[in-house]
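Protein chains in written order, with the numbering used here: chain P, 1 to 276; chain F, 1 to 307.
Read the hints as simulated data drawn from the structure, not as lab findings.
Treat the hints with caution; some may be incorrect.
[Said to hold, decoys possible] Here are the computed lysine to any residue pairs in the SDA-like style, where the Cα-Cα straight-line distance is at most 20 Å:
| hint | chain 1 | residue 1 | chain 2 | residue 2 |
| --- | --- | --- | --- | --- |
| 1 | P | Lys10 | P | Ala27 |
| 2 | P | Lys139 | F | Gly67 |
| 3 | P | Lys138 | F | Ile51 |
| 4 | P | Lys138 | F | Glu44 |
| 5 | F | Lys40 | P | Pro111 |
| 6 | P | Lys138 | F | Ile270 |
| 7 | P | Lys261 | P | Asp251 |
| 8 | P | Lys56 | P | Lys15 |
| 9 | P | Lys139 | F | Arg45 |
| 10 | F | Lys152 | P | Leu110 |
| 11 | P | Lys138 | F | Ala257 |
| 12 | P | Lys138 | F | Lys183 |
| 13 | F | Lys183 | F | Ile270 |
| 14 | P | Lys204 | F | Phe42 |
| 15 | P | Lys180 | P | Lys204 |
| 16 | P | Lys204 | F | Ile270 |
| 17 | P | Lys139 | F | Glu20 |
| 18 | F | Lys152 | P | Arg109 |
| 19 | P | Lys168 | F | Ile51 |
| 20 | F | Lys152 | P | Pro111 |
| 21 | F | Lys152 | P | Thr58 |
| 22 | P | Lys138 | F | Phe42 |
Chain residues, written in single-letter form:
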Amino acid sequence: MEKLDSEGLKSQAIKSRKLILQMLEKAGNGHPGGSLSAIDIITTLYFNEMRLDPQKPTWEDRDRFILSKGHGVPALYATLGYRGYFDPQETMNLRQLDSPFQGHPDRVRLPAVEASTGSLGQGLSVAQGIALSARLDKKDFRVYCLIGDGETQEGQIWESVMSAGNYKLDNLCLFLDWNKYQIDGAVEDVMDLNPIPEKFKAFKWHVISINGHDVDQIQNALKEARDTKGKPTVIIADTVKGKGVSFMEVDNKWHGVSPNKEELEKAISEIEGGLK
Amino acid sequence: MKATRASFGEGLAELGREFENVVVLDADLSKSTQSAKFAKEFPERFFQMGIQEANMIGVAAGMSFSGKIPFLCSFGAFLTGRFDTIRVSVGYAEANVRLVGTHAGVGIGEDGTTQMALEDFACMRSIPGMAVLSPADDRETKAMLRYLMDHKGPAYIRLTRQAVPEVNKEGYRFELGKGVELKAGTKAVVFATGNQTGLSLEAANALESEGLDVAVVNIHSIKPFDSELVQKWANKVPFVFTAEDHNVVGGLGGVVAESMAESGASARLIRIGVNDVFGESGTPQSLYEKHGLDAKGIKARIKQVLS
Numbered sequence: 001m002e003k004l005d006s007e008g009l010k011s012q013a014i015k016s017r018k019l020i021l022q023m024l025e026k027a028g029n030g031h032p033g034g035s036l037s038a039i040d041i042i043t044t045l046y047f048n049e050m051r052l053d054p055q056k057p058t059w060e061d062r063d064r065f066i067l068s069k070g071h072g073v074p075a076l077y078a079t080l081g082y083r084g085y086f087d088p089q090e091t092m093n094l095r096q097l098d099s100p101f102q103g104h105p106d107r108v109r110l111p112a113v114e115a116s117t118g119s120l121g122q123g124l125s126v127a128q129g130i131a132l133s134a135r136l137d138k139k140d141f142r143v144y145c146l147i148g149d150g151e152t153q154e155g156q157i158w159e160s161v162m163s164a165g166n167y168k169l170d171n172l173c174l175f176l177d178w179n180k181y182q183i184d185g186a187v188e189d190v191m192d193l194n195p196i197p198e199k200f201k202a203f204k205w206h207v208i209s210i211n212g213h214d215v216d217q218i219q220n221a222l223k224e225a226r227d228t229k230g231k232p233t234v235i236i237a238d239t240v241k242g243k244g245v246s247f248m249e250v251d252n253k254w255h256g257v258s259p260n261k262e263e264l265e266k267a268i269s270e271i272e273g274g275l276k
Numbered sequence: 001m002k003a004t005r006a007s008f009g010e011g012l013a014e015l016g017r018e019f020e021n022v023v024v025l026d027a028d029l030s031k032s033t034q035s036a037k038f039a040k041e042f043p044e045r046f047f048q049m050g051i052q053e054a055n056m057i058g059v060a061a062g063m064s065f066s067g068k069i070p071f072l073c074s075f076g077a078f079l080t081g082r083f084d085t086i087r088v089s090v091g092y093a094e095a096n097v098r099l100v101g102t103h104a105g106v107g108i109g110e111d112g113t114t115q116m117a118l119e120d121f122a123c124m125r126s127i128p129g130m131a132v133l134s135p136a137d138d139r140e141t142k143a144m145l146r147y148l149m150d151h152k153g154p155a156y157i158r159l160t161r162q163a164v165p166e167v168n169k170e171g172y173r174f175e176l177g178k179g180v181e182l183k184a185g186t187k188a189v190v191f192a193t194g195n196q197t198g199l200s201l202e203a204a205n206a207l208e209s210e211g212l213d214v215a216v217v218n219i220h221s222i223k224p225f226d227s228e229l230v231q232k233w234a235n236k237v238p239f240v241f242t243a244e245d246h247n248v249v250g251g252l253g254g255v256v257a258e259s260m261a262e263s264g265a266s267a268r269l270i271r272i273g274v275n276d277v278f279g280e281s282g283t284p285q286s287l288y289e290k291h292g293l294d295a296k297g298i299k300a301r302i303k304q305v306l307s
């Protein structure tokens with residue numbers, strides 16, 4: 001498959017946004033807000049950046065993506081479906097009994113996902129382990145990981161940030177989905193993370209700050225990360241929780257509530273109208 | 001006499017020579033866990049993770065996803081403390097990780113409670129798919145390590161700080177989930193694990209000279225567990241003892257209790273171990289005397305019940 005250009009990425013992200021909301025409506029629960037904030041990043045990774053083959057999900061030279069904020073998994077399922085790992089319509093079984101589309105990623109039931117995550121703070125360590133063994137095996141694949149901003153409050157994140165910096169893992173690239181909200185409110189109020197870039201710099205990371213909904217900025221940042229040697233890169237992606245659906249963007253209740261039929265229709269007509 | 005952590009250190013280096021996919025991670029305790037031997041011989045495959053057990057566990061899971069067989073080492077108490085990372089990143093993910101927890105039980109002595117693994121069996125065996133192993137001597141530790149090269153899925157191995165005698169004979173073969181009958185007997189049976197196996201054998205031999213024949217079975221696999229063997233003995237002798245340097249809650253005593261209750265056998269169970277209390281500082285010997293975990297204490301308890 002040809003890599004998608006910026007226009008292609010934008011229309012793919014629109015398709016994925018619709019599917020995310022459809023599967024959540026069908027499931028009756030789940031996390032739209034953090035799925036919509038991350039979808040442009042995940043779309044760009046799978047349709048433009050990563051070396052992969054959907055026919056061979058365990059190909060040993062593939063680039064890896066670890067969704068550490070596991071609750072954003074509808075975004076990953078939609079992307080994997082459209083990318084050809086399975087029929088996108090299968091994701092409508094999200095959160096159903098015996099479904100591979102668990103409420104949080106499960107690598108055993110769905111081998112297209114790289115790690116089982118959902119208990120926050122753990123995915124970056126797994127990504128670091130994959131990056132370390134790539135170096136040991138002299139493999140040139142890259143490892144991508146996405147964490148939430150609320151998740152960044154977890155101690156294990158900082159263990160791994162310290163460790164990956166000291167191991168100079170330049171094959172590791174981390175996205176921080178900085179959507180500024182967590183379940184109990186604004187990240188700033190619950191447990192402020194600021195200043196974020198300075199913390200990563202202090203732990204020997206290369207830091208890039210972008211708009212996480214601008215696919216050109218995402219592509220440029222990924223290129224800069226690839227060209228950065230001797231240290232891991234973190235891309236701090238300024239995002240909007242619920243991006244693309246006006247009533248979700250302004251209300252944090254959409255962290256963990258799925259839309260009903262009426263809300264779904266309204267959301268889809270907005271998304272089809274194009275992103276603001 | 002050799003500590004099983006020392007046997008582990010030697011066995012691990014042997015595996016390193018034979019298998020290229022063995023990698024080792026340690027969290028600033030490589031001298032204590034004895035992974036240092038491997039580190040010296042294979043520096044490129046040894047990963048010093050600093051005092052970050054949770055990250056070490058996740059990193060090992062990631063390495064296993066790329067075909068490595070990671071042995072990650074720390075004190076058992078510190079690994080147990082990162083239970084959720086073990087549960088999700090390793091257990092739920094079915095990662096081929098070997099968690100090596102040394103410094104089992106009150107037998108470590110002076111360092112006291114915080115360094116003593118006393119709940120590790122209980123925690124680890126509650127994770128689906130996790131093999132929970134506890135070798136009794138040098139021979140068994142090394143055989144177990146070799147077996148773990150073929151084992152699919154995660155495993156926890158519990159090792160002693162203190163030296164233990166050889167209880168298994170030459171030509172010993174490790175079989176996952178199978179108890180090892182070390183001594184026959186008709187009056188009672190002791191199911192023992194780790195360093196308690198040697199001590200239970202010593203106690204049973206002393207009882208033998210007093211005319212009481214008590215059987216001893218070594219349980220090196222807390223999970224998968226040899227229920228069949230326990231049920232066989234529970235139908236054969238009136239008293240079943242367990243001996244472990246672990247909390248009797250959820251440990252070997254707990255496993256045997258579950259198994260016996262389901263067997264319908266009428267034998268009585270007596271659990272020898274740490275009776276749901278924390279440890280404390282003291283010499284290993286004084287702690288074993290206090291908890292009745294030395295050969296003398298085990299012997300006295302058996303005698304008391306049998307008389």
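How the hints compare with the structure:
{"no.": "1", "hint": "P:Lys10 x P:Ala27", "verdict": "26 Å, violated"}
{"no.": "2", "hint": "P:Lys139 x F:Gly67", "verdict": "13 Å, holds"}
{"no.": "3", "hint": "P:Lys138 x F:Ile51", "verdict": "27 Å, violated"}
{"no.": "4", "hint": "P:Lys138 x F:Glu44", "verdict": "12 Å, holds"}
{"no.": "5", "hint": "F:Lys40 x P:Pro111", "verdict": "36 Å, violated"}
{"no.": "6", "hint": "P:Lys138 x F:Ile270", "verdict": "55 Å, violated"}
{"no.": "7", "hint": "P:Lys261 x P:Asp251", "verdict": "18 Å, holds"}
{"no.": "8", "hint": "P:Lys56 x P:Lys15", "verdict": "24 Å, violated"}
{"no.": "9", "hint": "P:Lys139 x F:Arg45", "verdict": "15 Å, holds"}
{"no.": "10", "hint": "F:Lys152 x P:Leu110", "verdict": "18 Å, holds"}
{"no.": "11", "hint": "P:Lys138 x F:Ala257", "verdict": "50 Å, violated"}
{"no.": "12", "hint": "P:Lys138 x F:Lys183", "verdict": "52 Å, violated"}
{"no.": "13", "hint": "F:Lys183 x F:Ile270", "verdict": "19 Å, holds"}
{"no.": "14", "hint": "P:Lys204 x F:Phe42", "verdict": "27 Å, violated"}
{"no.": "15", "hint": "P:Lys180 x P:Lys204", "verdict": "24 Å, violated"}
{"no.": "16", "hint": "P:Lys204 x F:Ile270", "verdict": "56 Å, violated"}
{"no.": "17", "hint": "P:Lys139 x F:Glu20", "verdict": "16 Å, holds"}
{"no.": "18", "hint": "F:Lys152 x P:Arg109", "verdict": "17 Å, holds"}
{"no.": "19", "hint": "P:Lys168 x F:Ile51", "verdict": "18 Å, holds"}
{"no.": "20", "hint": "F:Lys152 x P:Pro111", "verdict": "17 Å, holds"}
{"no.": "21", "hint": "F:Lys152 x P:Thr58", "verdict": "17 Å, holds"}
{"no.": "22", "hint": "P:Lys138 x F:Phe42", "verdict": "17 Å, holds"}
In summary, the structure is inconsistent with hints 1, 3, 5, 6, 8, 11, 12, 14, 15 and 16 from the numbered list given earlier, while agreeing with the others.
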